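Novice: Please build the complex by placing chains B, C and D on the supplied structure of chain A, with the hints as guidance.
Chains as they are written, first to last, in the numbering used here: chain A, 17 to 158; chain B, 17 to 158; chain C, 17 to 158; chain D, 17 to 158.
Derived from the structure by calculation, the hints contain no laboratory data.
Values in this document were obtained by computation on a predicted structure and should not be read as measured data.
Note that the Cβ used here is the ideal one computed from N, Cα and C, for glycine as well.
Just to be clear, a hint being listed does not mean it is correct.
Chain A is faced by these chain C residues, among others (derived, beta-carbon under 8 angstroms) [what the hints assert, rightly or not]:
1) I99
2) E100
3) K102
4) L126
5) T153
6) M157
Here are the in silico distance ranges between beta carbons for each label pair [claimed, not checked]:
7) C:K143 - A:K19: 47 to 57 angstroms
8) A:E142 - C:G124: 33 to 43 angstroms
9) A:K19 - B:A49: 46 to 56 angstroms
10) C:I18 - B:V155: 41 to 51 angstroms
11) B:S32 - D:N46: 23 to 33 angstroms
12) A:G124 - B:N67: 23 to 33 angstroms
13) C:N67 - D:K93: 37 to 47 angstroms
14) A:I18 - D:P108: 23 to 33 angstroms
15) D:M17 - C:E156: 45 to 55 angstroms
16) C:L126 - B:R141: 19 to 29 angstroms
17) D:S32 - A:E59: 49 to 59 angstroms
4 protein chains.
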Amino acid sequence: MIKNKDFREKTEKLFSDANFIKELGIKVKNIDAGLCETELVIEDKHRQQHNFIHAGVIATMADHTAGAAGTTLIKEKEEILTIEFKINFIRPAEGEKLRCISKVIKAGRLITVAESEVYSINGGREKLVSKAMVTLTPVEME
Amino acid sequence: MIKNKDFREKTEKLFSDANFIKELGIKVKNIDAGLCETELVIEDKHRQQHNFIHAGVIATMADHTAGAAGTTLIKEKEEILTIEFKINFIRPAEGEKLRCISKVIKAGRLITVAESEVYSINGGREKLVSKAMVTLTPVEME
Amino acid sequence: MIKNKDFREKTEKLFSDANFIKELGIKVKNIDAGLCETELVIEDKHRQQHNFIHAGVIATMADHTAGAAGTTLIKEKEEILTIEFKINFIRPAEGEKLRCISKVIKAGRLITVAESEVYSINGGREKLVSKAMVTLTPVEME
Amino acid sequence: MIKNKDFREKTEKLFSDANFIKELGIKVKNIDAGLCETELVIEDKHRQQHNFIHAGVIATMADHTAGAAGTTLIKEKEEILTIEFKINFIRPAEGEKLRCISKVIKAGRLITVAESEVYSINGGREKLVSKAMVTLTPVEME
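For reference, chain A alone in the conformation it holds in the complex (with noise of 0.2 angstroms):
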């Protein structure tokens, strides 16, 4: 299923390469074959009008960890665009962390799809607070 054996360094890339990610603070923690897994601190500029994180926040860590995921398993000239994604948000998000960990459920030559959990951690409890489908697409770029 790997067709590039520097996945993970190109996989980091994503994250060191990205503005709007760094600007948001995601950090990832684990890339593996068809797997990454992402870790946001929440800082109050994450927030919305109730103080909770803001829904645009997850949905940002489900795409881009879910594409990351992706990303693994592409050839070496490839790089992984979102097609579209669908995400549920389960219950309202607060606590001091946020945990994404996204797994490819199939790569295709032309479709890829990866499901996004994402976890609330407050006071040590971890519950989910989304999950996320996401079609994403390998593309050749010059």
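Specialist: Below, chains B, C and D alone, put in the same frame as chain A:
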């Protein structure tokens, strides 16, 4: 359909009270019953690894503007929460600005459904870059 | 935008060649570039446990009609496949007929996106019961 | 989590009382708290224009089985309605049978979220052909 005569003020507060929206720079341009329009001047911090505007920025705008459109049609004591959304990325987003227009297609007692269209403005030309369907619920807040 | 002058015949074949569509009774009413409209006369077999029209009937109509709208814009040797769809059920569906109208919002080389609106017709009154976003891909068939 | 000791009988009735499900031939195989498994023996009537199983058949199975999984966790007087679902078609579906397994990932007072995986069984080999996320709501019926 309007259940709160101060719906404009209430909807504007959704933007002034949400840290993440201020952090990104999303501004409300127009509010009407069942409708909200927003704008974002693109800065370098909004970009992803290929210099396009990050999908998370677009998704945040689509979600928050849809929630604002839904907010125009709820009661004084209610707030809108996002249950889930689905977003398609139709073409890579680049340019000076994003514009989002959200419309409620059903405002129910239990479920409100809105659609968001996000356009990029590049050298004066506007292009549809994304479309989302957003499922919202009005909840009574204490 | 039209890449196949015989797009009407090709699209009609999508209905006459699909057993499940004939089984349900979905009929094509109108075909144009980037657009398809279908109709279904409701029978008892289409119902669910509360006598409403089953969500699966509506989803089938939304998906197949979207695929047909996409088919109008592809090359002679290509066929449309559904990658994924998302569908909201806006109100319980009842009545004598369903009408579905699907429009392509982006016809790309790799990805086509269409939207489907399904209306119930009950005593001459038409109501939106469902809206879907459908991601399609044109593939060359041997 | 179980609010109705007769949840198995109630869930079975979802299959015996729904005409469209009987018409298609979807049979319930297993019911547990937060879980439902169904099976469908493929006939020619289930096919689309390329002889694959129609996406609408798979979507119907994913939706109805998810609703059944949700039904296991609601009160005696409540019924489950589908608010929306999103489904990815991972590979073309062919074979003698489909099997669907649905699991509730959140059973809330207002919103229940379930996931459905649909597998094709072809010459004894099982393959994931589709995955869906389904948003449900328990409503009190008179």
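Novice: So, for every hint listed, does it hold in this structure?
Specialist: Hints and how they fare:
Taking 8 angstroms as the C-beta cut-off, the interface hint given for C:I99 holds, the closest approach to chain A being about 6 angstroms. Given hint, C:E100 at the interface with chain A, holds; its Cβ is 6 angstroms from that chain's nearest Cβ, closer than 8 angstroms. The restraint placing C:K102 at the interface with chain A holds, with a minimum CB-CB distance near 6 angstroms, inside the 8 angstroms limit. Contact between C:L126 and chain A, as hinted, is supported at the beta carbon level, the nearest pair being about 7 angstroms apart and thus within 8 angstroms.
Hint on C:T153 holds. Least Cβ distance to chain A is approximately 7 angstroms, under the 8 angstroms limit. Nearest Cβ of chain A to the Cβ of C:M157: about 14 angstroms, over the 8 angstroms cut. The hint is violated. With their beta carbons about 50 angstroms apart, C:K143 and A:K19 fall inside the hinted range of 47 to 57 angstroms. The given range of 33 to 43 angstroms is respected by A:E142 and C:G124, whose C-beta atoms sit roughly 40 angstroms from each other.
For the hinted restraint 46 to 56 angstroms between A:K19 and B:A49, the CB-CB distance of approximately 52 angstroms keeps it satisfied. Roughly 48 angstroms separates the CB atoms of C:I18 and B:V155, a value that falls within the hinted 41 to 51 angstroms. Restraint check, B:S32 to D:N46: a C-beta distance of roughly 52 angstroms breaks the suggested window 23 to 33 angstroms. The given range of 23 to 33 angstroms is respected by A:G124 and B:N67, whose C-beta atoms sit roughly 27 angstroms from each other.
At about 18 angstroms, the beta-carbon gap between C:N67 and D:K93 misses the expected band of 37 to 47 angstroms. Evaluation of the 23 to 33 angstroms hint for A:I18 and D:P108 yields a pass: the beta carbon distance comes to about 25 angstroms. For D:M17 paired with C:E156, a C-beta distance near 50 angstroms keeps the hint of 45 to 55 angstroms intact. Judged by the Cβ atoms, the range 19 to 29 angstroms given for C:L126 and B:R141 holds: they are separated by roughly 22 angstroms.
As the Cβ distance of D:S32 to A:E59 is approximately 54 angstroms, the hint placing it in 49 to 59 angstroms holds.
Hint compliance for this structure: hints 6, 11, 13 are broken, all remaining hints hold.
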